[in-house]
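Protein chains: 2
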Amino acid sequence: MVSASAAAASPNNQGDAQALFAERLTTIAKDTERLLDRLLASQPADGETARPARLLEAMRYASLGSGKRFRPFLVVESASLFDVPRQGALMCAAALECIHCYSLAHDDLPAMDDDNLRRGQPTVHKKFDEATAILAGDALLTIAFDILANEETSSNPSVRIALVSALARASGLGGMVGGQLLDLAAEGRFADAPKPMGEADVLTLQAMKTGALIRFGCCAGAILADVHDERYAALERYGTVLGQAFQIADDLLDVEGDAATVGKQTGKDAAAGKATIVDLLGVANARARLAALVAEAAEALSIFGAKSSVLAAAAKFVAERKA
Amino acid sequence: MVSASAAAASPNNQGDAQALFAERLTTIAKDTERLLDRLLASQPADGETARPARLLEAMRYASLGSGKRFRPFLVVESASLFDVPRQGALMCAAALECIHCYSLAHDDLPAMDDDNLRRGQPTVHKKFDEATAILAGDALLTIAFDILANEETSSNPSVRIALVSALARASGLGGMVGGQLLDLAAEGRFADAPKPMGEADVLTLQAMKTGALIRFGCCAGAILADVHDERYAALERYGTVLGQAFQIADDLLDVEGDAATVGKQTGKDAAAGKATIVDLLGVANARARLAALVAEAAEALSIFGAKSSVLAAAAKFVAERKA
Numbered sequence: 087m088v089s090a091s092a093a094a095a096s097p098n099n100q101g102d103a104q105a106l107f108a109e110r111l112t113t114i115a116k117d118t119e120r121l122l123d124r125l126l127a128s129q130p131a132d133g134e135t136a137r138p139a140r141l142l143e144a145m146r147y148a149s150l151g152s153g154k155r156f157r158p159f160l161v162v163e164s165a166s167l168f169d170v171p172r173q174g175a176l177m178c179a180a181a182l183e184c185i186h187c188y189s190l191a192h193d194d195l196p197a198m199d200d201d202n203l204r205r206g207q208p209t210v211h212k213k214f215d216e217a218t219a220i221l222a223g224d225a226l227l228t229i230a231f232d233i234l235a236n237e238e239t240s241s242n243p244s245v246r247i248a249l250v251s252a253l254a255r256a257s258g259l260g261g262m263v264g265g266q267l268l269d270l271a272a273e274g275r276f277a278d279a280p281k282p283m284g285e286a287d288v289l290t291l292q293a294m295k296t297g298a299l300i301r302f303g304c305c306a307g308a309i310l311a312d313v314h315d316e317r318y319a320a321l322e323r324y325g326t327v328l329g330q331a332f333q334i335a336d337d338l339l340d341v342e343g344d345a346a347t348v349g350k351q352t353g354k355d356a357a358a359g360k361a362t363i364v365d366l367l368g369v370a371n372a373r374a375r376l377a378a379l380v381a382e383a384a385e386a387l388s389i390f391g392a393k394s395s396v397l398a399a400a401a402k403f404v405a406e407r408k409a
Numbered sequence: 087m088v089s090a091s092a093a094a095a096s097p098n099n100q101g102d103a104q105a106l107f108a109e110r111l112t113t114i115a116k117d118t119e120r121l122l123d124r125l126l127a128s129q130p131a132d133g134e135t136a137r138p139a140r141l142l143e144a145m146r147y148a149s150l151g152s153g154k155r156f157r158p159f160l161v162v163e164s165a166s167l168f169d170v171p172r173q174g175a176l177m178c179a180a181a182l183e184c185i186h187c188y189s190l191a192h193d194d195l196p197a198m199d200d201d202n203l204r205r206g207q208p209t210v211h212k213k214f215d216e217a218t219a220i221l222a223g224d225a226l227l228t229i230a231f232d233i234l235a236n237e238e239t240s241s242n243p244s245v246r247i248a249l250v251s252a253l254a255r256a257s258g259l260g261g262m263v264g265g266q267l268l269d270l271a272a273e274g275r276f277a278d279a280p281k282p283m284g285e286a287d288v289l290t291l292q293a294m295k296t297g298a299l300i301r302f303g304c305c306a307g308a309i310l311a312d313v314h315d316e317r318y319a320a321l322e323r324y325g326t327v328l329g330q331a332f333q334i335a336d337d338l339l340d341v342e343g344d345a346a347t348v349g350k351q352t353g354k355d356a357a358a359g360k361a362t363i364v365d366l367l368g369v370a371n372a373r374a375r376l377a378a379l380v381a382e383a384a385e386a387l388s389i390f391g392a393k394s395s396v397l398a399a400a401a402k403f404v405a406e407r408k409a
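Those protein sequences? They're chains A and B, same order as listed. Using the working numbering, read the first sequence as starting at 87 and increasing by one per residue. Using the working numbering, read the second sequence as starting at 87 and increasing by one per residue.
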């Protein structure tokens with residue numbers, strides 16, 4: 087069976103695919119926002135005692151009202167390849183976004199990147215205070231797993247537990263959090279002087295810090311569909327190269343962007359002396375690498391045929407984004 | 087079927103029960119330590135990229151080598167009431183301990199309680215640095231859910247997902263983290279001046295901050311056994327009163343203890359002006375309340391007969407502990 091959304095995702099040309107991508111991204115962002123708004127309501131869930139107003143307000147500030155919702159988009163679109171019920175995909179998308187938003191709140195803390203501005207707004211610890219930002223991050227991280235455990239995510243408990251396991255590994259010690267530690271080490275933040283980074287080191291750091299959540303978002307559709315064959319592997323490959331493309335584009339923006347467009351402080355990586363692919367290859371070669379990754383993303387998706395054109399357009403969007 | 091451990095838990099008198107409790111606590115602490123040591127090994131799990139040495143070292147520092155492992159004890163002993171396989175109970179115990187240890191690492195941060203000493207040792211941010219302590223806490227919180235999702239915890243995915251849901255709610259916004267926020271608010275840490283706290287406010291704060299994890303530990307046995315009848319309710323009641331007893335005992339220690347015995351800074355609550363049950367009732371009445379809670383704990387357990395004598399002894403231990 088081909089779902090209505092998948093059938094609609096067969097555009098005549100690349101321009102149509104880009105327009106469809108933009109439309110889907112907007113729709114999924116709105117739907118994710120609405121769902122997060124409900125999940126972060128003041129009424130306590132079963133098994134909760136109360137939801138303290140200040141903490142809830144900080145969690146909502148950290149997660150609602152802005153953000154492209156690119157990771158939720160990946161979950162919903164990868165799920166639509168398998169005709170997974172949309173509500174389940176949105177729940178998984180909301181969980182992933184909670185992890186992403188908690189990581190930003192903690193990353194911005196004075197003891198971490200010490201940022202005052204995020205998406206053009208005061209960071210959580212600037213709007214509230216450091217303790218509240220730490221706790222709001224902890225609570226967003228925790229509620230992500232509560233959301234995945236909810237029956238609304240999937241009627242199949244095995245699917246829900248597979249999502250918990252995959253998201254925990256993508257976001258923890260051996261994934262995103264580990265990548266954040268490597269990132270600080272690369273900036274020379276610890277007693278040991280940072281070692282010069284080769285391309286393999288940079289790729290590992292980035293595969294963990296930003297790649298792991300993107301890869302999870304791409305694989306989530308297959309996990310939700312309980313599919314573990316070559317289609318899972320195709321999405322994993324797509325997610326891996328998409329993550330690399332995302333990071334190179336980000337590093338190019340860091341070199342070439344200005345704070346007004348990007349909405350956050352730029353030029354920080356160069357100041358810290360940390361290596362990126364752009365540093366190692368130079369801008370021109372990094373752009374060529376980016377184009378190759380976009381092509382590889384499309385190739386990885388070919389197993390899904392025209393259904394996957396919106397995901398292929400997403401890779402192009404990532405490569406070409408200006409903010 | 088009565089398991090060997092449950093049969094052994096039928097002592098002749100209270101003295102025997104206390105001795106047996108001490109023995110079980112020691113054994114479970116060792117088994118939990120051994121399991122955490124394995125779960126926090128350097129080899130990445132499937133789906134992880136790498137485990138950065140510094141982060142792993144900080145996670146191990148925060149979770150290994152000390153601690154009474156009282157929460158793991160509750161999980162293993164409540165599970166033994168239902169003859170749940172011990173390895174599954176230990177996995178759940180390890181997950182709960184990861185949550186407990188992460189909360190201590192974050193609680194000790196300069197922006198939170200700003201403690202330099204924990205269990206007589208430098209706190210995580212003193213031993214490492216603030217950023218590493220934040221990330222180690224995040225990673226311990228995350229791996230807790232990875233552990234629950236592991237097949238070793240239960241062969242039944244529905245049981246594993248029920249544990250994820252219950253632990254997330256006990257430890258997040260509407261549980262422990264929410265309680266930490268209320269605790270800081272009670273200390274006057276935010277812009278709004280703290281409101282005078284009545285007994286109900288204090289009980290809510292404590293039911294969240296320390297009670298929720300203890301209650302989860304007590305209910306975990308029933309969840310592992312997939313039991314949702316009056317035995318679950320009995321363990322929930324036991325866990326609730328045990329948590330209250332634990333907190334009153336802690337508050338009495340805070341008033342009467344000294345730093346050498348307790349192994350952390352004492353007298354802090356009085357300095358902050360935050361209300362406790364001891365403040366509201368006075369020491370003598372608080373001691374009477376504590377005795378009544380121990381009796382209620384034993385009564386809640388009566389449904390399990392002699393099998394539960396070690397859990398009843400645990401309530402007495404909590405009430406009488408000196409550190």
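Keep in mind the hints are simulated off the structure, nothing from the lab. Small disclaimer: the values here were computed from a predicted structure and weren't measured. Please note that the accuracy of each hint is not assured.
One copy or two, it doesn't matter: identical chains are merged, so the pair holds either way.
Calculated lysine-lysine pairs in the BS3-like style (CA-CA distance at most 30 Å, straight line) [as the list claims (entries may be wrong)]: (1) LYS360 <-> LYS213; (2) LYS281 <-> LYS116; (3) LYS212 <-> LYS281; (4) LYS408 <-> LYS213; (5) LYS213 <-> LYS402; (6) LYS212 <-> LYS402; (7) LYS213 <-> LYS281; (8) LYS281 <-> LYS154; (9) LYS116 <-> LYS360.
Right, here's what the structure says about each hint:
For a Cα distance limit of 30 Å, the shortest separation of LYS360 from LYS213 qualifies both inside one copy, at 29 Å, and across copies, at 25 Å. Taking CA atoms no more than 30 Å apart as the test, LYS281 paired with LYS116 passes in neither setting, with 43 Å inside one copy and 38 Å between copies. Proximity of LYS212 and LYS281 under a CA criterion of 30 Å is satisfied inter-copy only: 24 Å between copies versus 33 Å inside one chain copy. In this assembly of identical chains, LYS408 and LYS213 lie within 30 Å of each other by CA distance solely inside one copy; the values are 27 Å within and 41 Å between copies.
Taking identical chains as interchangeable, the C-alpha atoms of LYS213 and LYS402 are never at most 30 Å apart, the minima being 35 Å within one chain and 45 Å between chains. For the identical chains of this complex, LYS212 and LYS402 are neighbours neither inside a copy (35 Å) nor across copies (45 Å), given an alpha-carbon limit of 30 Å. In this assembly of identical chains, LYS213 and LYS281 lie within 30 Å of each other by CA distance solely across copies; the values are 22 Å between and 36 Å within a copy. In this homomeric assembly, LYS281 and LYS154 never come within 30 Å of each other (Cα to Cα): the closest approach is 35 Å inside a single copy and 39 Å across copies.
In this assembly of identical chains, the alpha carbons of LYS116 and LYS360 never lie at most 30 Å apart, being 36 Å within a copy and 42 Å across copies at closest.
Hints 2, 5, 6, 8 and 9 from the earlier list are contradicted by this structure; the remaining hints agree with it.
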